[in-house]
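So the sequence lines, in the order shown, correspond to chains F and A. According to the numbering used here, the first sequence holds residues 1 to 375 in order. According to the numbering used here, the second sequence holds residues 1 to 273 in order.
Please note that a few of the clues may not be correct.
[Stated by the list, open to error] Listed below are the simulated BS3-like cross-link pairs for lysine-lysine, each with C-alpha atoms no more than 30 Å apart in a straight line:
id	chain 1	residue 1	chain 2	residue 2
1	A	Lys59	F	Lys11
2	A	Lys269	F	Lys375
3	F	Lys303	A	Lys180
4	F	Lys366	A	Lys269
5	A	Lys59	F	Lys225
No wet-lab data here; the hints were simulated from the structure.
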Amino acid sequence: MSELSAEEIAKRERDSAIPFVDLRDGARGVLTWAQMDGDDLADAAIELIGEATRIAQHLDEDSRTIYTVIIGRKTSQFTDKLIHHGADVVYVIEDERLTDYLTLPFTNAMVSAIREIKPEIALMSASTLGRDLAPRIAGILDLGLSADCTSFEVGLYVNRRKNQKFEKAFKMVRPSFGESKLATIVGPWCYPQMATARPGVFKPLDIDTSRTGKVIEFKPEWESKDFDVELIESVRNPSTIDLSKADIMVAGGFGMGKDGFGLLRELVDAINDNGQKAEIGASRAAVDAGFVDYAYQIGQTGKTVRPSIYVAIGISGAIQHLAGMKESSKIFAVNNDHKASIFKNADYGLVMDYQEAIPELIKQVKAGYKFPLDK
Amino acid sequence: MSELKYPKLDLNIYVLIKQVPMPKAMKTTAEGLMDRTGKSMMNPHCSHALEEAISLKDKVGGTVTALSMGPPNAKQSLMEALRRGADRAYLLSDRKLAGSDTWSTAEALSKTIEHISNGDALDVLFAGLQTIDGDTAHVGPQCSARLELNQVTYVESVDIFDDKTLKVRRIIESGYQILKVPLPVMLSVSHTANVPRGPSLNSSMSALNKEIIMYNIGEVGLPETSAGMTGSPTVVSRVKNVVHDRGAIVLFTEGSTEERVSNLLTALKEETS
Ligand SMILES: Cc1cc2nc3c(=O)[nH]c(=O)nc-3n(C[C@H](O)[C@H](O)[C@H](O)COP(=O)(O)OP(=O)(O)OC[C@H]3O[C@@H](n4cnc5c(N)ncnc54)[C@H](O)[C@@H]3O)c2cc1C
Chain F
1 MSELSAEEIA
11 KRERDSAIPF
21 VDLRDGARGV
31 LTWAQMDGDD
41 LADAAIELIG
51 EATRIAQHLD
61 EDSRTIYTVI
71 IGRKTSQFTD
81 KLIHHGADVV
91 YVIEDERLTD
101 YLTLPFTNAM
111 VSAIREIKPE
121 IALMSASTLG
131 RDLAPRIAGI
141 LDLGLSADCT
151 SFEVGLYVNR
161 RKNQKFEKAF
171 KMVRPSFGES
181 KLATIVGPWC
191 YPQMATARPG
201 VFKPLDIDTS
211 RTGKVIEFKP
221 EWESKDFDVE
231 LIESVRNPST
241 IDLSKADIMV
251 AGGFGMGKDG
261 FGLLRELVDA
271 INDNGQKAEI
281 GASRAAVDAG
291 FVDYAYQIGQ
301 TGKTVRPSIY
311 VAIGISGAIQ
321 HLAGMKESSK
331 IFAVNNDHKA
341 SIFKNADYGL
351 VMDYQEAIPE
361 LIKQVKAGYK
371 FPLDK
Chain A
1 MSELKYPKLD
11 LNIYVLIKQV
21 PMPKAMKTTA
31 EGLMDRTGKS
41 MMNPHCSHAL
51 EEAISLKDKV
61 GGTVTALSMG
71 PPNAKQSLME
81 ALRRGADRAY
91 LLSDRKLAGS
101 DTWSTAEALS
111 KTIEHISNGD
121 ALDVLFAGLQ
131 TIDGDTAHVG
141 PQCSARLELN
151 QVTYVESVDI
161 FDDKTLKVRR
171 IIESGYQILK
181 VPLPVMLSVS
191 HTANVPRGPS
201 LNSSMSALNK
211 EIIMYNIGEV
221 GLPETSAGMT
231 GSPTVVSRVK
241 NVVHDRGAIV
251 LFTEGSTEER
261 VSNLLTALKE
271 ETS
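Could you put together the complete structure from these sequences and hints?
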């Protein structure tokens, strides 16, 4: 064992004199929001219950109940699924008007449920809906909130400035400063300690159909202003194409234009003709511009892929795009701007116009080049 | 032509502007807070929010008030907002605000808006979707909760429905929503919404005669107990650097197109095999 420095020893002695405090004032249990996407249950709903269950094991024994709140038009059909994935008590809020997410009625419902349940911790998904809902709730209930967390811990937290020590503080870890740092946030002064959790990061528990739980039909008091905002249209594109089977993903961005996508298709065909599995991918900007169907969109609001080779052409490399492809084994980028941030997130690069690069790639593939694939 | 289509609404528009460190100058202090002494710029998302604010004013008339909270040098970004077409600019600046988390930032900004508007009701509050130093996306919604405004986040387009409602498009997973939203409303704007304009000659000229009004927390009625680290329900307890496992990029710059592509393909194969 290494010797502690005198400074470290002094610090520990000072810390041991700091008194433990517990400001929970009866707040117990972990609450999760079971997000619906229209009439479907979002994957995040069961991911959060899984993580809540893992967190709860480190809380006091009387604080391990998992409360799950589900809000929507047809929600009661999902209560079994939530319980089979780990929820102990499901609060069901059902109303014909809740055809889709709307800020005010969902806030009212969650605020009412939180006041009723008084949880120690509350978790919501860091989706485009959860990141709309959670800060609104925090603003109303005067709570702390950490955004877009990627891991959680429960443990000792010492605040020397306030001369307080917390035995089981909730530590919320989140990427910040453009994903270059991981910050740990704590707030054991206001309850629930609340966070949004990045979708797709946390694992659901294995399903257990013998699990039982309690279902509570909960009726918040709606206010007339809750329904002032009117949903005119909600478009959720079906994911008709399975991109996960492609070993080589050739993705194009806004920089390609519609014609560029024709070239991209030729490259993909050439690779397939050469006996390797390739597919087209796209950035959101390319999809929004109508170059290609949504089904091919890669990223935070599209698909997540992990091919052996990801070729990004005319894609700037926005964080939301990287979210869907950064786990690819090898990334190779073509962009005519050497400052494009895709080059900071790739293994190989060509600072080149796509009109030069793609025909040459097609030529070499047709001449028999095979991409190296993961085993 | 398109101008005729819009009614004259004379909207009272606010836009929140944060000055952030240049990405290259982003550092944290020993306490884990952002070091704000290096080179800085207007947060990119706020720049898109400002663009949306000014183009809404261009359509239906009104005033755009730019508001920031930060050290005195945040005046830089506010001056830029004036030169791009904002009508007035305010800066809440006070040492006691250091260490504010998103809750107390929203509290301070809301108090300042109430103070400035002085009963002249706000119609639209624009905010950037998020900042590039904090990445939380909280402050807009927290202000709208505090000021009891309608709320739409992840906004990609804003249009007029009628004289009391806006038509707003927002990003959701796998698509988008279109909403009909009564005023007053807070809209947090995505960088995908628009391409911000540069300063105009006219606005730059009139900006010369404008003063950025500075307040401290006492002047806007924010109690010390709600400000800065003291008023914040969360603190940063630890910051560590993320190590990326992907090594530095290899660029192929030598030779003809054919050679560069073939060198890349060969390197790819050799490394992986
Ligand atoms: C909530 C939210 C969710 C989002 N979800 C996603 C998502 O799922 N997926 C996604 O991709 N984005 C998503 N975005 C958008 C994202 O932030 C970027 O705006 C988008 O990825 C940009 O696409 P792009 O790189 O194709 O376009 P641009 O940023 O416009 O980049 C075009 C690139 O092409 C290069 N280029 C131009 N001409 C040429 C040429 N001739 N040859 C070579 N290169 C050229 C340019 O240098 C530039 O780098 C989301 C944004 C938000 C706010």
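Exercise for review: For the pair we were handed, A:Lys59 and F:Lys225, check the Cα-Cα distance against 30 Å.
Suggested key: Judged against 30 Å, a Cα distance of about 27 Å means the pair holds.
Exercise for review: Sort out whether F:Lys11 lies within 30 Å of A:Lys59, counting only the CA atoms.
Suggested key: 61 Å, violated
Check your understanding: Going straight from one Cα to the other, do F:Lys366 and A:Lys269 come out at no more than 30 Å?
Key -> 16 Å, holds
Check your understanding: Between A:Lys269 and F:Lys375, is the straight-line Cα distance small enough, at 30 Å or below?
Key -> 14 Å, holds
**Study point:** Proposed proximity, A:Lys180 with F:Lys303 (alpha carbon, max 30 Å)
**Key:** 29 Å, holds
Hint compliance for this structure: hint 1 alone is broken.
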